[in-house]
Amino acid sequence: MPNITAIFSDVGGVLLSNGWDRDMRRTFAQKYHLDWEEFEGRHELVSMAFEVGQITLDHYLDCAIFHRPRDFSKQEVRDYIFACSTAKAGSLALFARLAQRRACFLATLNNEPRELNQYRIEHFGLRNTFAAFFSSCYLGVAKPDAAIYRVALEISSRAPEESLFIDDRPLNLECAARLGMRTVLFRNAAQLERDLHEAGVEV
Numbered sequence: 215m216p217n218i219t220a221i222f223s224d225v226g227g228v229l230l231s232n233g234w235d236r237d238m239r240r241t242f243a244q245k246y247h248l249d250w251e252e253f254e255g256r257h258e259l260v261s262m263a264f265e266v267g268q269i270t271l272d273h274y275l276d277c278a279i280f281h282r283p284r285d286f287s288k289q290e291v292r293d294y295i296f297a298c299s300t301a302k303a304g305s306l307a308l309f310a311r312l313a314q315r316r317a318c319f320l321a322t323l324n325n326e327p328r329e330l331n332q333y334r335i336e337h338f339g340l341r342n343t344f345a346a347f348f349s350s351c352y353l354g355v356a357k358p359d360a361a362i363y364r365v366a367l368e369i370s371s372r373a374p375e376e377s378l379f380i381d382d383r384p385l386n387l388e389c390a391a392r393l394g395m396r397t398v399l400f401r402n403a404a405q406l407e408r409d410l411h412e413a414g415v416e417v
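Take the sequence shown: its position 27, counted from the start at 1, is 241 in the working numbering, and no numbers get skipped.
Hints listed in this document are in silico derivations from the structure and should not be mistaken for laboratory results. C-beta: ideal position from N, C-alpha, C; glycine also. Warning: the hint list may mix true and false statements.
Claimed, not checked - Per label pair, the in silico range of CB-to-CB distance:
hint, residue 1, residue 2, range
1, T241, R341, 28 to 34 Å
2, D382, A360, 38 to 44 Å
3, Y352, D382, 17 to 23 Å
All chains, please: the whole structure from these sequences, using the hints.
Here it is in structure tokens:
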């Protein structure tokens, strides 16, 4: 089996908390007294367009929340969404060590709306560790669609069998594996380090 020369990692759930998931939206709806069913239903109608970069955060907020007058501002919602992001310190430290070794090409491969993705890259200093960011908002396609893995491999000029993909969702891993990528299901940083070692990647 070829040595691993490239590692692609999910962001939300592996390196950081999820960006704007169902639990976060429910907490937001409770705090700001939104009708949960209406809010979530409208979110679902525009969420894919939001994730693949077809609409902006401002447009998303108009569709999902500000279709009627509110007693809070869009800026409050933006600030709330961004503040939901927290680091998984163990994972970030592990990838920082990998970057120092310079043994593998390191990139992220994630589903994220553009503004939130850019905020998280900047705020958590991900450019210090990762060489490329293959995000749904830039590529116009989202996991688990096979096209996002194929594009990431083609742009990085990597063969699937020398590439390893890390994610916390089995379906995303299954779709990557169908293309021949090697995969690791993320649970925590200690487990990830063990799995990388078993795959021949020293941290």
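Each hint tested on the structure:
no.	hint	in the structure
1	T241 <-> R341: 28 to 34 Å	30 Å, holds
2	D382 <-> A360: 38 to 44 Å	19 Å, violated
3	Y352 <-> D382: 17 to 23 Å	21 Å, holds
In summary, the one numbered hint that this structure violates is 2.
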